[in-house]
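These protein sequence lines map, in sequence, to chains W and H.
When we follow the working numbering, the leftmost residue of the first sequence carries the number 1, and every step to the right adds one.
When we follow the working numbering, the leftmost residue of the second sequence carries the number 556, and every step to the right adds one.
Rather than coming from a laboratory, the hints here were simulated on the basis of the structure.
For every residue, glycine included, the Cβ atom is placed at its ideal position computed from N, Cα and C.
Where hints are given, some of them may not hold.
[As the list claims (entries may be wrong)] Not the full set, but computed from the structure, chain H residues with beta-carbon under 10 Å of chain W: (1) K566; (2) G586; (3) M618; (4) K622; (5) P643; (6) V644; (7) V646; (8) M648; (9) L654.
[Unchecked claim] Here are the simulated PhoX-like pairs of lysine-lysine, each with C-alpha atoms no more than 25 Å apart in a straight line: (10) H/K604 / W/K359; (11) W/K21 / W/K74; (12) H/K659 / W/K241; (13) H/K622 / H/K604; (14) W/K102 / W/K180; (15) W/K410 / W/K359; (16) W/K33 / W/K75; (17) H/K566 / W/K499; (18) H/K604 / W/K428; (19) W/K123 / W/K74; (20) W/K33 / W/K89; (21) W/K178 / W/K101; (22) W/K426 / W/K396; (23) H/K625 / W/K499; (24) W/K178 / W/K50; (25) H/K564 / H/K622; (26) W/K428 / H/K614; (27) W/K508 / H/K622; (28) H/K625 / H/K564; (29) H/K614 / W/K359; (30) H/K659 / H/K594; (31) W/K499 / H/K622; (32) W/K46 / W/K180; (33) H/K614 / H/K575; (34) H/K614 / W/K499; (35) W/K479 / W/K396; (36) H/K575 / H/K564; (37) H/K625 / H/K566; (38) W/K428 / W/K241; (39) W/K428 / H/K659; (40) W/K508 / H/K625.
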Amino acid sequence: MEREVRVWDNLKRDTEERMKKVAHLVEEGKVVKAENTVALLEGVIKPGDKVNLEGNNQKQADFLAECLCEVDPKKVYDLHMVQSVVSLKSHLDVFEKGIAKKLDFSFSGPQAGRLADFVRDGKLELGAIHTYLELFGRYYADLVPKVALVVAFEADKEGNLYTGFNTEDTPIIVEATKFKQGIVIAQVNKIVDKVPRVDIPADWVDFVIQSPKNFYIEPLFTRDPGLITDTQVLMGMMALKGVYAEYGVQSMNHGIGFFTAAIELMLPTYAEELGLKGKICSYFALNPHPTMIPAIESGWVKNIHCFGGELGMEEYVAARSDVFFIGPDGTLRSNRAYSQAAGLYAMDMFIGGTLQIDKYGNSSTATANRVAGFGGAPNMGSDAKGRRHSSDAWLKCGLEYGMQDQLLGKMPRGKKLVVQMQETFKEKMDPAFVDELDAWKLAKNANLDIPPVMVYSDDVTHYITEEGIAYFHKCVDMKEKMAAIRAIAGYTEIGLQAKEEETMDLRKRGIVKTPEDLGIDITRANRSMLAAKNIKELVEWSGGLYNPPARFRNW
Amino acid sequence: MALNELNFKYKVENPQSIAKEYSHLGVVGSGDLEVLMEKKDFGGGTEVKVVTPVTGFDKVWEMVVTKFVKGNNLGDLLIEINDNNATPVVVSMRLRQALAEANKKEKGGE
Chain W
1 MEREVRVWDN LKRDTEERMK KVAHLVEEGK VVKAENTVAL LEGVIKPGDK
51 VNLEGNNQKQ ADFLAECLCE VDPKKVYDLH MVQSVVSLKS HLDVFEKGIA
101 KKLDFSFSGP QAGRLADFVR DGKLELGAIH TYLELFGRYY ADLVPKVALV
151 VAFEADKEGN LYTGFNTEDT PIIVEATKFK QGIVIAQVNK IVDKVPRVDI
201 PADWVDFVIQ SPKNFYIEPL FTRDPGLITD TQVLMGMMAL KGVYAEYGVQ
251 SMNHGIGFFT AAIELMLPTY AEELGLKGKI CSYFALNPHP TMIPAIESGW
301 VKNIHCFGGE LGMEEYVAAR SDVFFIGPDG TLRSNRAYSQ AAGLYAMDMF
351 IGGTLQIDKY GNSSTATANR VAGFGGAPNM GSDAKGRRHS SDAWLKCGLE
401 YGMQDQLLGK MPRGKKLVVQ MQETFKEKMD PAFVDELDAW KLAKNANLDI
451 PPVMVYSDDV THYITEEGIA YFHKCVDMKE KMAAIRAIAG YTEIGLQAKE
501 EETMDLRKRG IVKTPEDLGI DITRANRSML AAKNIKELVE WSGGLYNPPA
551 RFRNW
Chain H
556 MALNELNFKY KVENPQSIAK EYSHLGVVGS GDLEVLMEKK DFGGGTEVKV
606 VTPVTGFDKV WEMVVTKFVK GNNLGDLLIE INDNNATPVV VSMRLRQALA
656 EANKKEKGGE
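Isolated chain H, as found in the complex:
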């Protein structure tokens, strides 16, 4: 199956990166996706890479990702999304979960 790759770049005012250096959430199961977040020195910017088998929904992806990055004032952050036909419902929830996870204080183990 050919995969579709989408790239988005953002720069918001007073950006905030994540607490952890690196965070991972979710699995690439059917109808689901995984989200990788990594602190990066992007001069305050955020880069998002989406890999998805779905075509024709680039606009929806852009809306979901834009609202997420801008709504949370994210910066100095690399977000990689590996999607397997997740609906916007699941995408939006996983992104919110991933951010909450990435901002948790580090504890031992999981």
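Just chain W, same shape as in the assembly:
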């Protein structure tokens, strides 16, 4: 019988062909000169390719992004960009110029408004908005990049990369690309004889380019304690007493906002006074937040694994290897994929701010005209259904879960604490509690399949406003959940619909607790509770090791 002859290494052959076309651009080892980058990209990228342009939460392959905008759209077009963050102008310029066509991503902070316009005007075909871990997963399924354009601090001529403090997404991108016969190009700040440590081995990298200037990096996680308000202090006190202490939460992720910054700064003060040291806050999946310095210095924290770095924290982190993950070279290794995995499966709590909460308790930061995505929040802010290990906090929350019996019968199972904090009104008298989330308008404006919800009502366990805490998971049905939302929604339209006897009943049953119910002396809710009141005091706590970026140096 005749057997059909099939070729099983098409991807490899295709890559070899492309590599041959650009062989003349390579200097010593794998080095390509910066001025030849555009020619390199035109040589290795074909129309319709899936291309990963490394845009992280913090570090950006900005030089490669600009070069991609300069390729000839007659040679390179219809690209499908797969990248976690869309934050630079050039990330969308490639669509404007007709070089790229489709986008799959996670987060798009500063470009969110323009992205919405592009989708509406048909300049960009939106695949989907993902959480980081979800997108990383698809790099190994249906979104494998053919070409990855990544960024590192240093490379040697053979192509070994040092990604160091800001390793972030690089390993997971490179592995998906290279092991599926793709091509990896790295921009680096400096080509050196020997890298301080090998974060990405040379044989996984095809080309290295020393960029004309250092890559851009965003200090996203620095919160000036000087801007924390008394209301945020009050809500922080409520969180510490009503959630952290109540459940004895030992492992967690904190959001990037001022609410959690206030909590971090009250560990050595209010939490210490409550006798919580050693009983809460030992393990974190967290970037090196400068506002964590006083708690670390006071001996609160055993372990922090970081998604990425934070500008100015390099020396401090390096000097605290008992707490952070430090390489043999003495610098931090961050890794977004591992930290997100820890955030999903190893953390008992996610706590952070939101923008809008609907009457059912769905929460979202989406606004009507910005396609921003949520990064890692929906991943960490959800109950991992595959979790099988137990902890006191997780088990207690599960035991309190009002719908547990209906879902499982008589079977003990824990529940992750997912805590959302928001004042009832935002600036300009904008209510935080609404009948319908702006996410619905956004879905319409940008032709999305579903409204982008950050945390769904069935994942949230606690809502905290200045009015009180709703122990949302204790509710037995949606009717009760809606009453609990009304009870803490203050003077918003939603809050004004609260019925006094209903709220009193919820308080009696411990589903709603006011600061008074929690035994908090509300007159103490002021900034003197904070262990550091400004950036300068953070520097002092660090013994001079924290070196804040210029824009935060206001003394």
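Chain H: place on chain W using the hints.
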């Protein structure tokens, strides 16, 4: 800037005044306010005066103040609020703080 003055009067059952004769809390910083409370012989009534640069939110002020006075059964009390664009969030918190402060046992100094 023209200031808007609002006045409210209440009479609740079994009213309770504050422990101190006089109490003051807060500062008129941007987005904040100060609350003055003074024990007065109003025959059980409470009078509230709000001075604010904000117009168009009289209804919200009335709701916040009414809930505060009625919810705490206040009486024989004068409350003066000097506001500088505080949100209802801050107003509600400062009022609760002011009442807690006004009911603290007098100690020496602050």
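Hints and how they fare:
no., hint, in the structure
1, K566, "19 Å, violated"
2, G586, "8 Å, holds"
3, M618, "6 Å, holds"
4, K622, "8 Å, holds"
5, P643, "5 Å, holds"
6, V644, "4 Å, holds"
7, V646, "9 Å, holds"
8, M648, "5 Å, holds"
9, L654, "9 Å, holds"
10, H/K604 / W/K359, "34 Å, violated"
11, W/K21 / W/K74, "18 Å, holds"
12, H/K659 / W/K241, "22 Å, holds"
13, H/K622 / H/K604, "15 Å, holds"
14, W/K102 / W/K180, "21 Å, holds"
15, W/K410 / W/K359, "30 Å, violated"
16, W/K33 / W/K75, "21 Å, holds"
17, H/K566 / W/K499, "22 Å, holds"
18, H/K604 / W/K428, "23 Å, holds"
19, W/K123 / W/K74, "17 Å, holds"
20, W/K33 / W/K89, "24 Å, holds"
21, W/K178 / W/K101, "23 Å, holds"
22, W/K426 / W/K396, "33 Å, violated"
23, H/K625 / W/K499, "15 Å, holds"
24, W/K178 / W/K50, "13 Å, holds"
25, H/K564 / H/K622, "13 Å, holds"
26, W/K428 / H/K614, "16 Å, holds"
27, W/K508 / H/K622, "20 Å, holds"
28, H/K625 / H/K564, "11 Å, holds"
29, H/K614 / W/K359, "22 Å, holds"
30, H/K659 / H/K594, "14 Å, holds"
31, W/K499 / H/K622, "13 Å, holds"
32, W/K46 / W/K180, "16 Å, holds"
33, H/K614 / H/K575, "30 Å, violated"
34, H/K614 / W/K499, "19 Å, holds"
35, W/K479 / W/K396, "23 Å, holds"
36, H/K575 / H/K564, "21 Å, holds"
37, H/K625 / H/K566, "9 Å, holds"
38, W/K428 / W/K241, "30 Å, violated"
39, W/K428 / H/K659, "34 Å, violated"
40, W/K508 / H/K625, "20 Å, holds"
Comparing the model with each numbered hint stated earlier shows that hints 1, 10, 15, 22, 33, 38, 39 do not hold.
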